[in-house]
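Here the protein sequences line up with chains A and B, keeping their order.
Counting from 1, one number per residue, gives the positions in the first sequence under full-length UniProt numbering.
Counting from 1, one number per residue, gives the positions in the second sequence under full-length UniProt numbering.
Simulated from the structure, these hints should not be mistaken for laboratory data.
Be aware that a few hints might be false.
Said to hold, decoys possible - Derived lysine-lysine pairs resembling DSS-like cross-links, with alpha carbons at most 30 Å apart:
hint : chain 1 : residue 1 : chain 2 : residue 2
1    : B       : 119       : B       : 153
2    : A       : 222       : B       : 153
3    : B       : 113       : B       : 153
4    : A       : 93        : A       : 140
5    : B       : 153       : B       : 25
6    : A       : 222       : B       : 113
7    : B       : 203       : B       : 153
8    : A       : 222       : B       : 25
9    : B       : 178       : B       : 25
This is what each chain is made of:
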Amino acid sequence: MSAYSVTAPSRRQQWIAGVLVALYAVITLLPLLWIFTTGFKSPSDAIAYPPKLAFEPTLEGYVNLFTTQTRQTEAYLAENPPESWYEEMVHAKGMVIAGPSRFGERFLNSVIIGFGSTFLSVFLGTLAAYAFSRYRVPLKDDLLFFILSTRMMPPIAVAIPIFLMFRSLGLSDTHAGMILLYTAVNLSLSVWLLKGFMDEIPREYEEAALIDGYTRFQAFRKVVLPQAATGIAATAIFCLIFAWNEYAFAVLLTSGTAQTAPPFIPTIIGVGGQDWPAVAAGATLFLLPVMVFTILLRKHLLRGITFGAVRK
Amino acid sequence: MAEIVIRNLRKEFGEFTAVQSSSFKVEDGEFFMLLGPSGCGKTTTLRMIAGLELPTSGEIYIGGEEVGQRPASERDIAFVFQMFALYPHMNVRRNISYPLVSQGMPRAQVREKVAEVAKILGIEEILDRPVGGLSGGDRQRVALGRAIVREPKCFLMDEPLGALDAEFREHMSEELRKLHDRMGATTVYVTHDQLEAMQMGDKIVVMNHGVIEQFGTPQDIYDKPASLFVADFIGSPSMNFLRFHGSLEAGATEAVLSHQPLGIPALREPFDGDMVYGVRPEHVRLSDSAGYRGEIVAAEYLGTTQIVTLATPNGEVKARIASDQPARVGETVGLAFNGATATLFDNQTGRAIRSDLNEGVLSHG
Ligand SMILES: Nc1ncnc2c1ncn2[C@@H]1O[C@H](COP(=O)(O)OP(=O)(O)OP(=O)(O)O)[C@@H](O)[C@H]1O
Ligand SMILES: [Mg+2]
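Bound conformation, chain A alone (with noise of 0.2 Å):
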């Protein structure tokens, strides 16, 4: 079956390889299965100890999360009966709902800043990486080394020169500003790790190509890009997961407009005492998108490169 295994393995070594695999598992799900749970936890079954392993989900999180509260009189409260489930929640506790929180806001850019830059520089490291792979471009190997070199501190060490920049450019807490910022921390990854799958693609594909007639652009769309898109899934993986999680640059760089969720949901704990559902439902739907857009490009990652077509 593998390609890559002489023989096959034994059934021992198939229940330990098993069990590793099983214990790797839980070690770096528990975690994650702690925030999920968490995040259906009422405020004081979050904190108790010893922790509790079963308790009475609720909503309140996610309430909490989505939701700016005010404490109000009783006489308030009686004249204004809660008119559906959440605001009840809210009544509950001696509150009423004052409006949407900035959650949804900040979520959206986290997506836009993530999926731009990602986008991006996906789509400029492509184009770079098939140039450097196919063209004598002059002093190519000082280039790729400068490409690369950029990497080589990290990106916080330029924090203040960047911050400066961007105040003088206005690009402080813009979108533009922070899709731009990622792009430029991707970009090398994202030349370096494509030029190698380009290099794999054997060149008499897109000869073959302008053999048959086509231009150079059009065997590069129709011949060249198909064979690359494991490269290509696998690299805007990486780029998202960076851009997504990012902390220091959105902290330092944004704060009302262009905030990301990173920054944000720290400052749901301060708002109405230590609100960790609340924190625990945030975290939990900020996993969510990479973990979807992995599972979506999961077919690629694991495909291994198409050999056979050419022989080696």
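Here the structure of chain A is known, so what remains is to put chain B with the ligands in place on it, guided by the hints.
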């Protein structure tokens, strides 16, 4: 279909010259072999004809049109790659129809064409299969299908059988030659296998280090090599080389080696200095009466014939003789050479000295 004319073609990669001013002509409908050892510039030459590489200088005419600096897509040629280069994300049918789609041919017509080509190649059953799982031979046929479907001006093939195993190669080379005879398409075929070149080619160009050593029919190249390199490269075992020193007049019909006169075709030019007497193993006989003598050092049995290796004062000689003829190792015997087939070479430059035998061939250069 079209003839191909190459004039003073040259290709440099930076400092390195891969092909040096080559000139040759491929007649309309010819099966033309580009033969030479690895790295001699065969692929580079072919890729220049295809337009995948632009020549540093020189001209390429396909069907009378100068195409040297035109891109591949405008040359109307088909190329069969050594690794086949079938599009892995398409099935067999789409691979074959791809060149037609680029021309904007209507769907129904494409289907018809593909069916026709599939029939010629005997691949009708695999048309809807992905190319990934195909056997080497089927892949080869699909690659040929993609080449012939468009009816291009000529076919260029870069070691198209190189990826197949030995047994299958033979079969495919016959199939390929038959296909060519049927379609009569001008074909330039690159190989480093001299047997393949001799068997399949109408004409052969022998290249070495980016230089064309000889250009002609397989018989001419075998019988009348223009240089030591060609004589050595073609034939198995290769030509015998007996080195000697001497001085010969134009018109001479004998060369003297170790005090024994050996026959040669009448020379057309005088020569003085170090020479090589070249004679094919099948033109060497063991004969007790012959004055030129050698000691048998090995005998290799090949069924109907045997290859006998002898040590002579001028170097090792191999003779291909009937296997029932006695040849005992250690014995000293007389050697008779068929002088009419011999070629003399200038030992220094390696070029053949002009004689009645090779006069007509050498002028091609
Ligand atoms: N793009 C290139 N850049 C630099 N050198 C090259 C390039 N392509 C080919 N060469 C060099 O040119 C020479 C001739 O190469 P070519 O591929 O034409 O040889 P070949 O006769 O086809 O050999 P083989 O039988 O191994 O395929 C080789 O020495 C090769 O290293
Ligand atoms: Mg080659």
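Results for each hint:
1. For the hint pairing residue 119 of chain B with residue 153 of chain B, the CA-to-CA distance comes to about 21 Å; that is within 30 Å, so the pair holds.
2. Proximity of residue 222 of chain A to residue 153 of chain B is assessed by CA-CA distance (about 25 Å); at most 30 Å being required, the pair is judged to hold.
3. Only pairs whose Cα atoms come within 30 Å are accepted, and residue 113 of chain B paired with residue 153 of chain B is accepted, the gap being roughly 17 Å.
4. For the hint pairing residue 93 of chain A with residue 140 of chain A, the CA-to-CA distance comes to about 66 Å; that exceeds 30 Å, so the pair is violated.
5. Between the alpha carbons of residue 153 of chain B and residue 25 of chain B the distance comes to roughly 15 Å, so the proposed pair stays at or under 30 Å and holds.
6. For the given pair, residue 222 of chain A sits about 22 Å from residue 113 of chain B by alpha-carbon distance, which is consistent with the 30 Å threshold.
7. For the proposed pair residue 203 of chain B and residue 153 of chain B, the alpha carbon gap of about 18 Å is at most 30 Å, so the pair holds.
8. Distance check on the hinted pair: residue 222 of chain A and residue 25 of chain B sit about 36 Å apart at the alpha-carbon level, beyond 30 Å; violated.
9. Restraint check for residue 178 of chain B and residue 25 of chain B: satisfied, since their Cα atoms lie roughly 23 Å apart, inside the 30 Å limit.
Taken one by one, the earlier hints fail for this structure at numbers 4, 8, listed in ascending order.
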